[in-house]
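Peer 1: Respectively, the protein sequence lines represent chains L and B.
Following the numbering used here, the residues of the first sequence are numbered contiguously, the last one being 298.
Following the numbering used here, the residues of the second sequence are numbered contiguously, the last one being 338.
A couple of the hints might just be wrong.
[Stated by the list, open to error] Computed footprint of chain L on chain B, listed as stretches where at least three residues anywhere in the stretch have a Cβ under 8 Å from a Cβ of chain L:
id, stretch
1, 109-115
2, 167-174
3, 220-233
4, 323-331
[Stated by the list, open to error] Taking CB as the label site, the calculated pair distances span:
id, chain 1, residue 1, chain 2, residue 2, range
5, L, 121, B, 288, 18 to 28 Å
6, B, 177, L, 92, 37 to 47 Å
7, B, 12, L, 83, 34 to 44 Å
8, B, 284, L, 188, 48 to 58 Å
9, B, 209, L, 116, 30 to 40 Å
10, B, 196, L, 166, 44 to 54 Å
Since the hints were derived computationally from the structure, they do not count as laboratory data.
All C-beta atoms, glycine included, are put in the ideal place defined by N, C-alpha and C.
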Amino acid sequence: MIFNVLTALALNGFAMGMIYALMAMGIILLIRAIGVLNFAQGDMLMLGAYISLALIVDLKLPLLIMIPVALLSFAAVALIFMFGVYWPLRNASYPAAIVIATMGAGIAIKEFVTLVWGSLPMPMPALILDKETGGGKILRIGSTYLPWQMILTICVGAGAIWLVFILFEKMYAGRMMQAAAQDKFAAEMLGIPTIVTTAATYIISIILACIGGFMVGPMFTVNVTLGTLQLRAFAGVIIGGLGNIKGAIIGALLVGMVESFATIRFLAYKDAVVFLMLIVFLIFRPQGLFGEKISDKA
Amino acid sequence: MKNTKKVLIKPSTIILLVACALFIVFIPLRYSGYNLMLYNTALIYAIVVFGLSLMLGMGGQLTFAGLAFMGAGTFYVANLCSGRWGFWVNNSLALITTPIVTGLLGFLIGSVLLKLKGTYFTFSTIALVQVAYSFYQNSRPISGGPDGISNIAPLRILGFEFNNYKRWFYLLVVLVIIVALIIERIRRTRFGRSLAAIRDNETAALTLGINVYRTKVIAFAITAMLGGLAGGLYAMQGRFAGSDMFTFERSTLFIIMGMIGGINNTFGVVIGSILVAMLPEWLRSLQRYLQLIYGLSVIVLMIFMPMGLAGIGSEMCKRIKRKITGIHAKKALEEAKK
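Could you build all of it, start to finish, from the sequences and the hints given here?
Peer 2: Structure, rendered in structure tokens:
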């Protein structure tokens, strides 16, 4: 019995951790590339969930067509976001201005979504449906119940993260992006079009968050408060070490796990547990789990 | 002969002072009840934003913690003055001790969190707000849990009871002016200049012999004091303390208040607070689109005027001045030609 509960909690924690990791990776990519802390990342996740919902439920697109359409619209959102909020502000005299602008963007996105889809939470069908109950299919092993949606979330999240790693480590385009992130001026001297690399970074970052929204929608209902998940992603980023992608992913997974297991004893205080963990980490290991040295770029 | 007449008070200051006087005189005449309470709340917000402006505008440290300390102040006063712990504390005594208590709390927390720098510090204050909110929301001994704390005794100073919003308005105006003067004074002290040096370049400040860490901790403690004071006032004015007020979303709102008005400008802080707090009231008819407009205008404002509305004001003053002096110069030139 205890074992069943623990397995279910572990799966839940892992799946939520994966969602946080998708967001955390986007946050880190943006911090590394342009030094901007994006406070609208959670709202991007929410927007992604709503866009997926519209494509699946309202337009009733089959999954194979829906996925490319969704990815394209996520990329469009990313470009609008970049040219609306970052581009005019890139030479701002006050560095906090960009951060505040992303907060404003977060508010605007939230309201936009409320205006278009209304403020009521909306259910979203799971990716694998159970034909008998009509709900999400559940994997039964003995007396352990594991929802397929969570297992899929872990697979999709891991796949997306792996693809981004391949891009950065193995491909020329990824190296160009890394070069532009490290030293914009030198990269421009080498003939790297930094506007393209910045746009690519934005697209990847926002798409990751939106995929998170697409996967998390069926687990909860799709509603405006999904945006608050970004704070957990922030926690993951810090625990892993700001600027370290692998660390951020592991940190985010850790946050998901801790949050999930904290429900056993401190249901009402699970937020407090997560963020107290963050504060303890900040005090005793401010460079994060995998950070080599403290560098402050953002 | 050169014209070296030095103006003691700048005309822009006079305009602002007149505007303030009009505000103080007309608002309580024109509004009452609920609307006046909104203005009062805006003034309370302004006190919190002053604290944030000290950290962000003067010190360049983005912090969300103001709201957590506001909550601490609120529940400190609420617990002492509602008799739910079985004893009552004199109201004015509770209000006076609030900033001291939250200031000490801020000093302790700040001396831990400010070991971190820049973005790390910002993150840690986000965590602080979250932890505080989750306690305010759930812990019955601290905050009455989801029910909140009601029946807070009305504020009474030397037998004078603040039992309607008009009296509160005057009290708050006086307090805001006092806080504004203190902030203006701080700006001109060694401490204020140290903060500015840290904002502009931390390494340079260090080499100049400024104790960066201590300066930041003191600034953080002042932020906490102002937050606590505002929290205490908030609890006493509404005579109710609930946790809804202290979410992370709210605390981004406070940062936005500061940035809209002009984070490094004392008048700007008040203007920004009143604007953000009152906009939902003023634009009732646009209610549906209000938040959207508001979010977009924050972006637009940051793009065109990162120093906020006060920045626009001073920029316009400069331009007008240039124009006037330009006219004078032209006349002088023409006369010289003759």
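Peer 1: A separate judgement is required for each hint: does it hold in the structure or not?
Peer 2: Here is how each hint holds up against the structure:
| no. | hint | verdict |
| --- | --- | --- |
| 1 | 109-115 | holds (count 3) |
| 2 | 167-174 | violated (count 0) |
| 3 | 220-233 | violated (count 0) |
| 4 | 323-331 | violated (count 0) |
| 5 | L:121 x B:288: 18 to 28 Å | 19 Å, holds |
| 6 | B:177 x L:92: 37 to 47 Å | 32 Å, violated |
| 7 | B:12 x L:83: 34 to 44 Å | 36 Å, holds |
| 8 | B:284 x L:188: 48 to 58 Å | 50 Å, holds |
| 9 | B:209 x L:116: 30 to 40 Å | 57 Å, violated |
| 10 | B:196 x L:166: 44 to 54 Å | 47 Å, holds |
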